[in-house]
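Turn these sequences into a full structure, and let the hints steer you where they fit.
Residue-level listing of the chains:
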Amino acid sequence: MDRSNPSHPFCYIVLAVLVCFSIWPMRASGNETLDNKPAANANTPRVVSFANDVVPILTKAGCNAGTCHAKAGNGQNGFALSLLGFEPKEDYTHIALEGRGRRVFAASPDHSLLLMKATNRVPHRGGTKLAPDSESYRLIADWISQGLKYDGETAPKLVSLEVQPQRGVLPRNSQQQLKTIATYSDQQTRDVSEFALYESNDTSMATVDAHGLVKTLDIPGKVSIMVRFQGQVVVFDAAVPQGSPVDQLPPSKNFIDDAVFANLKELGIPPSAICDDSTFIRRVSLDIAGRLPTQEEVALFMQDTSPTRREQVVDRLLMTSEYADFFANKWTAMLKNRRDDASDIISNFAFYSWVRDNLLSNKPYDEMVRELLAATGTVIANPPVAWYKRVKDPKQQLEDVAQLFLGVRMQCAQCHHHPFERWSQDDYYSMAAFFSQVGRKPTATRGEDMIFHKRGLAGYANAKTGIVQRPTPLGSPTVAISPDEDPRLRLADWMSSPENPFFARSLVNRYWKHFFKRGLIEPEDDIRDSNPPSNPQLLAALEKHFIDSDFNLKELVRVITTSQTYQLSAIPNEYNANDMQNYSHYYPRRLQAEVLLDSVDDLLGLRTEFPNLPSGTRAIALPDNSYNNASPFLRVFGRPENESVCECERIQSSSLAQSLHLMNSGDVKGKLGNGANRVNQWLQSGKAPNEIIVELYHIAFAREPNEQELATALAYVNEPKLDAEGKPIDPPRILRENFQDVVWALVNSKEFLFNH
Amino acid sequence: MLNLSRNTILWRHGLILALLLYCHGTSYAQSVCLPLPRLLTITPMGGTVGTTIDVTVSGENQDDVTELLFDHPGIKAVPKLNDQGVKIANAFQITIAADVPPGLYETRTWSRLGISTSRIFSVGNIPEVSRTQANTSRENAMALTVPTICNAVLTNKAIDHYSFQAVAGKRYNIYCAARGIDSKMEPVLTICDSQGRDLVVERKGVPLDFVPKQDGLHYIKLHDLTYKGGSEYFYRLTLQELAVDAPQPTFFATQPIRSFSWPPAGLSESAVTIEDEGAEVQVMSLPIDVAGRFYPAADVDTFEFAAQQGETWWIEVASDRFGLNTDPALLIQLAKGDGEQRQWLDVLELSDIASPVKVSSNGYAYDGPPFDGGSTDILGKFEVKETGTYRISLNDLFGGTRKDPQNKYRLIIRKAQPDFAVAAWGLHAELRNGDRNALSKPAALRVGNTVAFEVVTVRRDGFDGEIELTLTGLPPGVTATGLKIPAGKMRSVVLLTAAENAPAGWANVEFTAKSKVGETEVVRPVHIGQMAWPIVDSWSEIPNPRLVRGFPVSVTTSESAPLTLSAREARVWEVKQGEKLQLPLQLKTRAEFSGSVVSLKTWGSGFEAHPAFNINLTEQFPETTIDTNALKVPAGDYTIAFYGVAVPKYRYHPDSIAPAQEVVKQAEIAANVAAEELKKQQDALASVAAENKAALEQQIAELTTKKQAADVALQNANNQLKSVTDRAAPRDTAEIVISEPITIRVLP
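Protein chains in written order, with this note's numbering: chain A, 1 to 756; chain B, 757 to 1504.
The set of hints was computed from the structure by calculation and includes no laboratory data.
Being a predicted model, the structure only gives us computed values, none of them experimental.
Do not rely on the hints blindly, as some may be mistaken.
[Unchecked claim] DSS-like mimics (lysine-lysine), calculated; alpha carbons at most 25 Å apart, straight line:
id, chain 1, residue 1, chain 2, residue 2
1, B, K1421, B, K1357
2, A, K157, A, K517
3, B, K1421, B, K1478
4, B, K843, A, K454
5, B, K1164, A, K454
6, B, K969, A, K554
7, A, K363, B, K832
8, B, K832, B, K843
9, A, K441, B, K1462
10, A, K441, B, K1137
[What the hints assert, rightly or not] If you only want the chain B side, here are some residues facing chain A, beta carbon under 7 Å, derived:
id, residue
11, D954
12, V957
13, R959
14, V962
15, L981
16, Y983
17, N1118
18, F1154
[To be verified] Among chain A residues calculated to face chain B with C-beta under 7 Å, some are:
id, residue
19, F349
20, L360
21, A374
22, A444
23, R446
Think of the CB as a built atom: it goes at the ideal place given N, C-alpha and C, for glycine as much as any other residue.
What follows is the structure, encoded as structure tokens:
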């Protein structure tokens, strides 16, 4: 799914959970003008505000959700509302003035189409949204009867929102009622608990109902409830402790362990034990270099008795070319290094190589991003220019940069105020302004431009207001940039500033997820106030460490992988099996497509051939997506097509197709039966079956087979077989065929398919 | 609902398929441009001064290469002979005199169709080796001594490996010459440690200084950016040790087309001033000649000076034309106010020298030459409207993040020194629908042929005069026409015509441009542009044009032009201004053509609006009527020519069939003789006396070997005959056809 595509209704998908209603056209009776309505006297109910009462009710009821009357186009059945009520004036027009006045009937509010539909008295596709005896119903009816006043400009503005309590420790299977208080510009406060919207960030841990009643479930951890009202968002953070005894923590190796273990202690979740050496070297090799450890590496590690032997393994892996290959593969997918045309090959290879070389030489991350953001020249002379070949529109550029490097999703704000965030359309176009002076000159290569800074005052017009927005970093004041300066350099300055609240945080969260399966913030590229980290102290410490190290990526990998937290066993203890958020044990992951293909090849001593690349090229070193076409394996296991800036484009979930592919595909069977594979070579050279089995275990799992495994495998490979005619097969062929089965079994084992 | 039977559907699908195949066939059966001789490779690609080396050459449309020619008299080649004293095809022995300066030299061949395009031959002063065995893995890496230059050709989809013993702390300078010596390779050079781990990677085609941290074996890996290989992907790998503080050695490279407009005539090599990199502003007085660098990243160099109202200054910046990937931009501002109140008012922005002609946009079909004479450098005028203090801000639009100290520039602000620079290249045109060829075109003429060269100029400092073009030293029977770029124009076409009776031969032609600047006559060289490689489709491969030294023009009598179009009489055709000229033409065809009509347009200043007209290829005496009234041509003498596209059914070297048949005949005879001799002895074996049997068997074995060799020779001869016969089969070949120049006098 391309979440970066502005035409994709991702913003609306989030809102799709809200149900809505539609109003059928109906001629209203009466022809009183609004101004003719009598003013409310002392006995009438309080004056109902359209902006502060009616609109929030519509929002709470879901009427102005993206899938209902705020649907792009013309709403639902001709009745349109602004998304989540961000444009009260427009809503007023739609409700009170359009539809020839049929939607509201001031003489008899109960007969207003608006209320008849909402209560389903007139058939409403959205069903019943308001109960006739509810306060919400009464308020709307009062507003109608009070003369349909519009007070968008005059009504007090919502200044702040508060949820009470803001945080709490809730036992499992307990309840907590939230109270939501709105403070307005006239200093008045109001309990809006009934009108606010509530949403849990993890419904497996806690649910919340429409009235703000939180119910925790059986899973311990950190959970947040997002509370929204009139465009503002606050969060209730809850710790749900398990309360188990945590008296045996591994000794802390660094600040990561301090923060993780403190959190586990608070929650009462005891961590698993430290993993064994075989597991460690396999795990860390797969995570850093995207490959199985070699037999030499395993042997060197096992013979080493130094107390820092695990740290040395990490250092050695960080020096390998595969580290650069593997992480370049990760980055270039998100940077959309995509082959749409045969002529893209040069720019794609150049761009991939640029990323890869920078990772190899460990160029500071901020410098790398700066060179990408403010790239100029030709692709050959300056390969990051290739990014501008893929991403041509300033709006797309800002969205990609924000999501990839800041972890902020700005797409929604192009058309309306971000529903869960503080970002407005002005914020959106102010960010786009940084890319407004990107100039292009044609080159001899079709579809490829030279990129340069076009002198001039940077600015981008807000599509809605037409007002030109000047470059303004998110949450910061507008930057004065002279026409001579490339605004992208100023954006890069802001991003790499130690005070930047997004840049380092986004990266460390992304890398944390790489090694732990789950980001401290999930999804990893959706950092916002309403989506708090599961361990804020840890995230802050990682961020600080990364900035203090001058954005040193290898150091970040080093500090993560040398922590005890990373080295915890994947096997849960009796208390922490339910924990999927606090890193009390290692969360196993299926190997990603390229790594799995390379691992199968490594096990068999083969290499998959790829078009235009030298023999021996690993799948993790493929420069772009074009190789997916020729490799069903890569496609089935979810290698991305490099269309999205989101890592979610890579499919990491398991599927039946994957199982079938491993079991039956010609691809895998061909490798197993290949006469050049190492097993067949060993058999031809007369190597003893037990030695072969041991070596296979070394390669696949970095460990010896245990006695039972060895015995079972040995018994199997020597098992006699009959051919189709029932005649005995000769022993060499039996051995060959049976060994194919053994390797097949190893490849299909979870121990092989997963990093654990 | 439409109800189609299965047969109908199949029939329709079949029809569509047939149509597609037909269209495909007709689109691609047609070639473009008659064959021209092109030297593509010379292996090895260079040698050491004072040595003699053996080389082999390969190319296109080169039959019977008899000479290998260099543009330095100190480099001489003689054909290589085998042990029997017979010339080995395409093999030469080259002697490089000891006084030949290290550098790049143009190499061309002389063969049946004339003088070829050029290929670079490098001369250096470091010992050279050639890679002779596969080295595509670390295990079979080729060991290099220091210093060495290794000549090699990349293997497709592979990485070449070299090894050398390195000493920690020493400086090793490693450079892979490729693009700069005409190779198609985009080199990627990686240094690895003894375990094969990548230590440092260089991908920009610049020298790499490597200082090892440890003693021991190190590896150099080399490959093309996209892992391409083959004979076109050659390189010269230089490995040398340098003192830590030694300057970077010079590595020569060919010059891009845009370089032809630099330097201005008479400019000294050294600038008057060197940029003060520490200064925020450099205060100078006009005129200015500064050498500086776009360094560090986002560098903006500022120069302040005073200028008087009414002055006119010309500003020129060179950097891109040095062959660097830079894009200088310059802003002039006027100071308003003083001290802290001072503000700078924008006066003038300058960037880019426009190409003299519209360059190919690389669209669907030809829309301009694939040669770009423009540059991202600067050449412009500054008219001072107000006396005051001005400042220039000079920066590199490509330099925001790039930190390359080699990104140099030269900034010159001068009083007008009107001048011009001229370049020429073989004319391109769209020869069929969707044609995107960018072929390299030597001045190799067939007898009876007229070929065109496009000539462009970059005018400097307001120079607007007519430029006269002169070709001296043309080979006998060759004439040149259209020899001027009109005043104020940027382009012209020069026609070279080989008479029908011109003898075969070639000559180094001096191509110059002459004009009067004020009262002074100035002469400038015409630089020649050429594609480094013939590109059939510029969508599949980006053309790589460069400047070449020398302009040899040749004539071949081996082939004639497919047609010659000329005025019926060789005279000046006179017409009164405002009247019509009935111009009788004469067409001589020497080939069959696909299609019977050719549409012709007109070249020649003032006559280019003459409407396109058709001539019938079967008509010997066509004519066209030129309406001087419609054209509004003033009185004077004019030279015009007609041009269009014809599609002759071209046969490549049909004369080669008879000799090939003769070879086959001789080979058959030899094979038959060998077979008969063998049979005879085999028959004799049955009756031979026992004591002679061994000797006879020995003789039979020898005869068997002889017969096998004769059979192989016959097979080869047959293959060669098939090859030359296939090549000689008629093939539709679209070609630019140009009339001989025609002189018209418009009388008042």
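The hints, checked one at a time:
1. B:K1421 - B:K1357: Given pair B:K1421, B:K1357 is violated - Cα atoms ~50 Å apart, limit 25 Å.
2. A:K157 - A:K517: Violated, because 43 Å separates the two Cα atoms, which is more than 25 Å.
3. B:K1421 - B:K1478: holds (14 Å)
4. B:K843 - A:K454: Roughly 61 Å separates the two Cα atoms, so the pair is violated.
5. B:K1164 - A:K454: With a Cα-Cα distance of about 21 Å, the restraint between B:K1164 and A:K454 holds, given a limit of 25 Å.
6. B:K969 - A:K554: holds (20 Å)
7. A:K363 - B:K832: violated (50 Å)
8. B:K832 - B:K843: holds (17 Å)
9. A:K441 - B:K1462: violated (67 Å)
10. A:K441 - B:K1137: It holds: about 23 Å lies between the C-alpha atoms, which stays within 25 Å.
11. D954: With a minimum Cβ separation of about 4 Å from chain A (threshold 7 Å), the hint on B:D954 holds.
12. V957: This hint holds: B:V957 lies near chain A, its Cβ roughly 5 Å from the closest one there, short of 7 Å.
13. R959: holds (6 Å)
14. V962: This interface hint is violated because 11 Å lies over the 7 Å limit.
15. L981: Given a least distance of 5 Å, the restraint on B:L981 holds.
16. Y983: holds (6 Å)
17. N1118: holds (5 Å)
18. F1154: Status holds, d = 4 Å.
19. F349: holds (5 Å)
20. L360: holds (6 Å)
21. A374: Holds - the Cβ of A:A374 comes within 7 Å of chain B, reaching about 4 Å at its closest.
22. A444: Hint holds; A:A444 Cβ to chain B Cβ min 5 Å, cut 7 Å.
23. R446: holds (5 Å)
Violation of the numbered hints given earlier is confined to hints 1, 2, 4, 7, 9, 14; the remaining hints are satisfied by the structure.
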